[in-house]
Amino acid sequence: MNSARRAILLNIPTNAIFLLVQLTAGLVTFAYFEGCDLIKSGLIKKSDQILPYVVMVLFNGVPVVRGLFLSTIFAAALSTVSSGVNSLANVVLEDIIRPFHLLLRKKDLSAKYMTIMAFVLSVLIGLSTVGLAFLIPFMGPRVLQFSFSLFGSTGGPLLAVFTLGMIVPCVNNKGGIAGFLASIIVGLWLSIGAILNPSPSGVLPLSNISCAVGNVSKTVIASVRQTSWSIYSISYLYYTPICLLVALIVSIPVSAIFGELAPVVLVVYGFVVYF
-7 MNSARRAILL NIPTNAIFLL VQLTAGLVTF AYFEGCDLIK SGLIKKSDQI
43 LPYVVMVLFN GVPVVRGLFL STIFAAALST VSSGVNSLAN VVLEDIIRPF
93 HLLLRKKDLS AKYMTIMAFV LSVLIGLSTV GLAFLIPFMG PRVLQFSFSL
143 FGSTGGPLLA VFTLGMIVPC VNNKGGIAGF LASIIVGLWL SIGAILNPSP
193 SGVLPLSNIS CAVGNVSKTV IASVRQTSWS IYSISYLYYT PICLLVALIV
243 SIPVSAIFGE LAPVVLVVYG FVVYF
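Number 139 in the working numbering belongs to position 147 of the sequence shown; there are no gaps in the numbering.
Keep in mind that the hints were calculated from the coordinates and are not lab data. The structure presented is a predicted model; accordingly, all values stated were derived computationally and were not measured. Virtual Cβ for every residue (Gly too), placed ideally from N, Cα, C. There may be inaccurate statements among the hints.
Said to hold, decoys possible - Computed Cβ-Cβ distance ranges for the label pairs, DEER-style:
| hint | residue 1 | residue 2 | range |
| --- | --- | --- | --- |
| 1 | 233 | 5 | 21 to 27 Å |
| 2 | 39 | 83 | 30 to 36 Å |
| 3 | 233 | 9 | 21 to 27 Å |
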């Protein structure tokens, strides 16, 4: 338990440093290419090419740095994918295949069979991941929004369950299950509804007056769209707190209706408070 706590506490400043580095990279890119839209000027074709292009431009003529940057990206991607594939293969083997085999055959899997099955699952999951990578370009620019939407709508209920268990001890098992189901229903409703009914996204005014390529300068002025508010226009970044709030609202009344609330005792300045 102490090791897990230390790992979590060390993870917080590490993530903060990573986010700060990403924020700094974005600010440097914005300041360097102010007045020059890279896509409109034809310097790049897609927005995910901005960071590599910035590195190529800023470190032009500097040895080692550009190659080190690209090798670091590839190494990090391969390391993350390999770890995820192996972990997912082990989870499928331990939590799905092994229990079903034990239930049907009334005996456990041998070590040799589990090793072979883990290898086969790793290959199949790896091929599926590579195939999905080839399909992503055909999904349009909203693929990142789709992934974050589904992550928020499913991760929010899980966060709600852990939060209820840690800081709301008066919630019983029936209330926790009801809160989890309600939050995951709301989360999936919001995410699937936003995918099927995408809200129009306007583009901010773009300018190429500062580009050092060619002699053509143009300004693209985005039209302002007047649209009525829809619940599906809520940002996908809010799905997790919405699911957490729904679970809190549902779980406590359900716990009070279908069971006795466990009393919570707080000692505040010498006074004992029950609720």
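Go ahead and decide if the range 21 to 27 Å is satisfied by the Cβ distance of residue 233 to residue 9.
-> Hint holds: Cβ distance 24 Å, inside 21 to 27 Å.
Distance restraint hint 21 to 27 Å, applied to the beta-carbon atoms of residue 233 and residue 5 = For residue 233 and residue 5 the Cβ distance comes to about 23 Å; the hint holds.
Should the hint that residue 39 and residue 83 are 30 to 36 Å apart at their CB atoms be regarded as holding?
-> Hint holds: Cβ distance 33 Å, inside 30 to 36 Å.
In the structure shown, no violation is registered for any of the earlier numbered hints.
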